[in-house]
Structure formats: C-alpha cells, structure tokens
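Chemist: Sequence:
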Amino acid sequence: PIVEHELAFGPENLKLPREEIRARIENTLLLLDISRLRDHETSTLSFGQKKIVALAALLTLSPQIYLLDEPGAGLSSDNIKKVKEIILNLARESRIVFIADHNSEILEISNRTINLGKKNHVCN
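Numbered according to the numbering used here, the sequence shown spans residues 10 to 133.
Hint data in this document are derived by calculation from the structure and do not stem from the laboratory.
A hint or two may mislead.
In the DSS-like style, the derived pairs of lysine-lysine whose C-alpha atoms are separated by at most 25 Å in a straight line are [stated by the list, open to error]:
no.: 1; residue 1: K60; residue 2: K90
no.: 2; residue 1: K91; residue 2: K60
no.: 3; residue 1: K59; residue 2: K91
no.: 4; residue 1: K59; residue 2: K93
no.: 5; residue 1: K90; residue 2: K59
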C-alpha cells in the first residue's frame, strides 16, 4: 500500500468520518515532516522511514495508551529528536506511553524505568 493508505487503515476501521480521517492523516504527515512520503509505496521505504510511518499510523489512531518498541531504532538524530518531542507531547496530553528500548537518548525522557538486565531489576 502507499503511505497514505497505511495511515488511513486504522481510522477507517474505527469507522471515523472521512473528513476526520483526512485531517488526522494531514496533521500526522505534517507533525512528522513526512508529507513527501504520502504517495510512496511502503515496500520502497528505508527501515527508518518505515519506523516513522509505523509511528504515524499509530498517531492517526490517537489511542490513550502507546506501546513503543525501540522507537528510535534506525532513525537519524533529527528524527529521534522528533520522536522524543512527540512522546513528551503525548505525556502532556495525559496519554500513557510505554517504551521498550536500550537507547539512553530515548529513555532519558522517561519518568520511570525498569531495567530488565540479567543481574539487576531496578525501578526508578
């Protein structure tokens, strides 16, 4: 599918009005600065672009709870900064965000961490 169809899939299945779906897609494309990818086939995207599109698809659903698995993997430092800001904004909106990651740059924005290392289990 093309990126725009990927972003529409979730909201369409929620049976949101067509105008609401269009608005969510447009806002998300702008938020992540990926409007240029709108008409690209998802199979032709780089790994980092696929990660950003996956996040965009999640954002168009606008859930209360997010579970992000290594959200910064394969992303440029600029895109990592965008993702961090988006996560912080979600938290400000009282959304719950769980992050599974080992990247300290992403984890530095968390208010609680759980270390699942072999020897120590630490909760901060």
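Chemist: So if I understand the rule, the pair passes when the alpha-carbon distance is 25 Å or less; does K59 with K91 pass?
Modeler: Holds, at roughly 15 Å.
Chemist: Just to be careful, I want the Cα atoms of K90 and K59 compared with a cutoff of 25 Å; is the pair within it?
Modeler: holds (17 Å)
Chemist: Are the Cα atoms of K91 and K60 separated by 25 Å or less?
Modeler: Between K91 and K60 the Cα gap is close to 13 Å, so the pair holds against 25 Å.
Chemist: Between K60 and K90, is the straight-line Cα distance small enough, at 25 Å or below?
Modeler: It holds: about 14 Å lies between the C-alpha atoms, which stays within 25 Å.
Chemist: Has the given pair, K59 with K93, been kept, meaning a C-alpha gap of at most 25 Å?
Modeler: holds (17 Å)
Comparing the model with each earlier hint shows no violations; every hint is respected.
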